[in-house]
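S.K.: Read off the chains here:
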Amino acid sequence: MGSWRVYPAVVVGGFRRYATYRVATAAGVFTNTVFGLILVYTYLALWEARPGLGGYDQAQAVTYVWLGQALFAMLAFQGGGFEVELMERIRTGEIAVDLYRPVDLQLWWLANDVGRAVFQLLGRGVVPFVFGALFFPTALPGEVAVWGAFLLVLMAALVVSFAIRYLFALSAFWLLDGQGVAQALMVTGLFCSGMTLPLNAFPGGLGEVVRVLPWAAQLQVPADVLMGESALWEALVFQGAWAVALLAVGRLVQSAATRRVVVQGG
Amino acid sequence: MEAFIELERVEKVFEVRRRTGFLRRERRQVRAVDALSFTVARGEMVGYIGPNGAGKSTTIKMLTGILTPSGGRLRVAGIDPSRERTRLAHRMGVVFGQRTTLWWDLPLIDSYKLMHRMYRIPDARYRENLDRLVEHLDLGELLDVPVRQLSLGQRMRGDIAAALLHDPEVLYLDEPTIGLDVVSKTRVRDFLRELNAERATTVLLTTHDLQDIEQLCSRVMVIDHGRLVYDGALAGLHEAGEGERTLVVDLERELPPIEAPAPARVVRVEGPRQWLAFPASEPAAGLVARIVAEYPLVDLSVREPDIEAVIAKMYADRTDRAVP
Amino acid sequence: MRGASRAVEGVRAYGLIAGMWIRSTMAYRASFVLTVVGNLLLTGLDFVTILLMFSQVDALGGWTLPEVALLYGLSVTAFGIAQLAFGSVASLGGRVRDGSFDTLLVRPVPVLAQVAADRFALRRVGRGVQGVVVLGWALVAVEVDWSVGKVLLVPVTVVCGAVIFSALFVAGGAFQFLAQDAAEVQNAFTYGGTTLLQYPPSVFGRDLVRGVTFVLPLAFVNWVPAAHLLGRPYPLGLPEGAAFAGPLVALVCVLPAAAVWRLGLRSYRSTGS
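Protein chains in written order, with numbering that gives the first Met the number 0: chain A, 0 to 265; chain B, 0 to 323; chain C, 0 to 272.
Any given hint might turn out to be false.
Covered stretches of chain C, as calculated for chain A (at least 3 residues, CB under 8 Å) [claimed, not checked]:
{"no.": "1", "stretch": "37–47"}
{"no.": "2", "stretch": "55–63"}
{"no.": "3", "stretch": "202–213"}
Hints were generated in silico from the structure; no laboratory data involved. Beta carbons are placed, not taken as given, at the ideal position from N, Cα and C, and that holds for glycine.
Work out the full structure, taking the sequences as your base and the hints as a guide.
M.R.: See below:
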């Protein structure tokens, strides 16, 4: 397992690395705000035509949009987190070196991604969210406890997001094509997370399916906790179950991949 | 001799912005090239050297039309490169040592076919040039190999051929031997010598490897801090910089310092190994013969002075002279 | 006509370079097929979202599904063409940062053609194909009093839309000469633009519609001509015949884009960064 003191340092390193891209961060804030604007208007029209859709009122739908934009970079819905680097290391074979390091591969990358995510939340998430709250009617809670619960759920969402992307990245051990994997990650990440439409607004059976998939733990569940549509323990059980399951599968796949690397000699 | 490349007090000034505080920024002008003047005659082969950041690549970029000079007059084949970049492109070839322009996933020959059409090279001339380059650079068996499978040396040869298919009058080479093994270096140098001798192609090459210059160039220009600090023969450079080579001698046993004929002298002794410094402008043969005759020798090697050291020394000397 | 001959030279070079990239892609055939399918799926997501919305409502902003599909088809087809042809300009910042942009400047062909054809990605046809399919269905499904003028308006609108989006890609690329890390700003206008246009103008705030009509005239990609086809009033009072102004608007977009490109390139050549 190595020294536990390594991981906090990796978190800080991940944060710092992203913090150096000031211009890119500002550009991202701008883009997230523009996309938020476009989505807000379409949702307003949708909820005007069908008030109460998915149990949300208009203000809740608007809040959902800006939350999605705020978490977009943090949870890397369309990729762009640690997995890009991990896949590149697998492709070039440098991963063989990592496997012999005295640190746990999965934990190491998790720490790295936590650092990145914390920066993205602060650097890219806060401004679009505040912009949305200032210029549109939103449904934000007044109690500090709800915000605390929300932060807790957000951390769990990050772990699930990490676990999903870790699995996608490890597929690079078997698939040569990084482009295809990135696309699959993007399609599922945007659609199944509810970035294009809240999952509770999905119709019928499709809605029931997407709401129990792990992607629901990323945006739908935190949104529901923030807006009082879901109890904290319910959310944490759902997210926790998926996190544990996916991380465990990740470890299994990782050991299979390790054997493969050892057998092939990298 | 006809001047092919002419620079008259050419300048390149960059504005650099530096963050000095959270929001404060400082603007500073950096003179990458400062009143640079030289001419290169048609058919000359010139080495262009200097430490990193001295202004070498800025000069090459102005000569090739990539960058516009901030001042002065610059002509290549009578053309102002920054104004008539595309017209000049037909008459020059460029090889960036660390950056291939070949198509990574395609067989080498495909990149040449692209050059054929992009430069509108007449069919007969293309075929003739290709045959000649393939023969001289030994590319025959590589033509159908995807570029990504070529070794560094093979790729460099491939890149040089790509730059010459359209019969350029001038060839710019940026670190053409960097990272190559000894055999590949020799092959590239042999080819360049032939090219220059047979086709009178003007060649300007930047390098960190003094042997490139030694074996290829009758003339070397040294640039530092954007100014030309030396222009002449390589031997003269060593004199100007009082460059010294080092002879490393391994004797059979520990002995007192070797008594070498001046100006050669022992500079260091470590057990049976001794280091002798001697002027770079003098051949090593005499000194070596003398030691072989008089001492029980196991092995010896000659170390070239590196360019950085020579230039640093030149600078030190110039400052010394300025302050008597 | 020096400009015209340069344009011809540019198109020729574009063809040569794009051809090389297509052949490079075909070196990994299976991967290519996979990414085309992936691209179809990815770009189709937007329409799936629209379908999901219409599974809950009959009209959005007063527009029916076939009508919104018409907007979608026009916007995505035009954007698909532009992205296929000029999308690579968006990665110019990377080329400038790693210094490989210089290698393009020593070639005897126009730089814009080289940048646009760089890494030419045939898989991007997915978006256009998907747009054409939706457009085809929408044209059959909508109720329009077809006339010769209206029939002609459809292809003219697609072409003009493609030109408008292309101008946006080029201008965005030129912006990266100044700020190499700001590539994402461009996405707000290109991808943001095509997303915006997939929904009826009646959905959006008046100021936004005004901006998209008069400042950055994206509205001529589909909103204005589609409103004419469907006989719907456009939220802003536009003169009669505005639906046919596409070619003029396209020209108005191309000229500043070309100027900005030249400016950006000049600034690069004087600063080297």
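S.K.: Each hint needs a verdict: does it hold in this structure or not?
M.R.: Tested hints:
1. 37–47: With 7 residues close enough to chain A, the hint holds.
2. 55–63: Satisfied; 6 residues make the cut.
3. 202–213: holds (count 4)
Going down the numbered hints, you'll see the structure goes against none, and every one checks out.
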